[in-house]
Amino acid sequence: MLSSKVLNKLLLLESFNTLTLRTYVDFKHPIRRTIDSITNDINSKFLKKEVNPCYPEHADVVIIGGGYLGSSGAYWLKSRAGEGLNVVVLEKNFKQNTLKSWPTTVLSQHYSLPENILLSQFSADFLRNIKQKTNKDVNIKFYPHGYLVLASDKYADNLEKNVTTLKEFGIRNELLSVDQLSKKYPWINTSDVKLGCISTENEGVFDSFALHQALVKKSQELGANYVHGEVVGFDFEYQRDVLMEGVKPMSYEKIERVVYKTEDGEKHSIKFAVCVLAAGTESSNIAKLANVGSGSGLLSLALPVGKRASNIYSIECSTEQSNIGLNSPIVMDTSGLCIRKNGLQKNIICSQIPLKSDNVMTTEENFERLLKPSLDNRFPNLTNAKIQHWHGEVYDCNNFDDSGILGAHPYHTNLIFATGFGKLGVHHAPGIGKAISDLVIDCQYTDTDLTRFGFDRLLINEPLIEFNVY
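Each step along the sequence shown adds one to the number in this note's numbering, with nothing skipped, and position 378 is 382.
These are computed hints drawn from the structure, not numbers from a lab. Misleading hints may appear alongside valid ones.
Derived CB-CB ranges, DEER-like [to be verified]:
#	residue 1	residue 2	range
1	Leu463	Ser181	42 to 52 Å
2	Lys292	Pro148	37 to 47 Å
3	His395	His232	19 to 29 Å
Small disclaimer: the values here were computed from a predicted structure and weren't measured. Every residue, glycine too, gets a C-beta built ideally from N, C-alpha and C.
All chains should be modelled from the sequences, with the hints used to inform the complete structure.
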């Protein structure tokens with residue numbers, strides 16, 4: 005055992021550590037960290053006392069955001085690399101998600117971009133085998149439904165082209181004429197519909213909350229460390245030997261630490277090799293802390309991620325009133341209205357494509373001006389039904405082209421973005437998490453090539469548009 009005099013002298017050296025002078029916070033001396041760790045173990049295991057949290061100071065990978073994409077990334081990194089990779093997930097809102105566990109997330113494959121189609125197929129396979137991949141007690145409450153997309157005269161050509169694309173990927177679907185739609189689904193008004201497409205394989209709804217909890221739990225079992233904290237800055241290191249086009253020689257600054265604040269106001273930092281930014285609607289603000297959008301050259305362009313609101317409504321009516329049976333498909337209207345039967349319940353669930361962030365309408369105005377008229381037009385039997393607001397959701401969105409951003413920043417090559425996917429980010433989470441692990445471990449995509457989702461397309465002004473969203 006060390007004497008108290010020797011221990012005090014060693015700990016005093018901490019104040020002269022040059023590393024602490026270059027960072028936002030002070031770092032504990034290794035001996036102090038060891039003592040604290042032993043004390044916590046004794047208190048928790050033998051004395052049954054509440055322990056002080058241990059805040060890591062080093063990690064191979066730091067993931068900012070413990071939502072769907074961040075937790076999926078942690079799951080795949082630990083599944084593939086095991087104990088050989090130290091993964092820390094920073095999340096500031098562990099208790100924010102208070103939604104009930106309900107199957108409300110729609111899994112669909114009706115997309116025009118090959119990347120979105122492949123991600124949906126990957127998700128379908130992952131959800132099908134989720135008990136083997138995570139824990140056998142997981143229940144995501146997957147309810148298979150057909151998925152019916154309606155197209156007006158304006159979008160009929162796009163729908164036909166998209167059906168051809170889907171068939172190239174092995175997705176079974178069928179084009180329906182107006183007469184076929186009227187006979188098969190008499191409760192749908194087809195007066196302004198030109199064409200429909202029904203798909204019955206790998207389509208349905210599932211409990212996204214259960215998926216998220218399964219990813220978090222399994223990644224923790226595999227060794228991922230979830231830390232409750234809010235990111236407040238980054239620490240940089242000059243690398244004078246790095247030459248980069250558009251960057252003045254000997255001026256390149258690499259991000260090497262993320263600084264975060266705990267609930268009690270304490271600041272800590274973690275040194276990392278790779279940082280993954282998957283913070284949803286907060287991603288743009290956090291990117292600014294790394295000078296993305298406030299610098300020059302490659303740093304002059306901001307991360308264009310904002311937020312959009314989506315409201316889900318419950319329609320109370322009997323099956324006789326609506327004529328919508330248990331085997332009725334999910335219907336996506338030309339106006340962006342989505343409607344489906346709520347499992348064995350008597351109510352019907354409807355929602356609409358999220359509003360753009362610059363839309364000034366309130367929730368009530370949006371309902372009265374957009375959703376209700378669309379509902380009355382397409383489903384006349386529901387005109388007098390009782391409609392209640394069920395719950396609201398907020399999603400991140402890429403204001404540049406509405407497609408997600410995935411991949412390393414061209415300046416901060418150790419900063420990987422995984423954000424801006426909107427609603428698609430929820431049910432594409434398994435595939436996006438796998439892609440994150442590809443970029444970290446293999447430095448390239450090994451399954452689905454998602455290169456076109458990269459940040460570079462913003463620099464060269466080449467939008468990546470998903471046309472199958474009305």
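Hint by hint, here is what the structure shows:
1. Leu463 - Ser181: 42 to 52 Å: holds, 45 Å
2. Lys292 - Pro148: 37 to 47 Å: With a Cβ separation near 43 Å, Lys292 and Pro148 satisfy 37 to 47 Å, so the hint holds.
3. His395 - His232: 19 to 29 Å: holds, 25 Å
Checked against the numbered hints given earlier, the structure satisfies every one of them.
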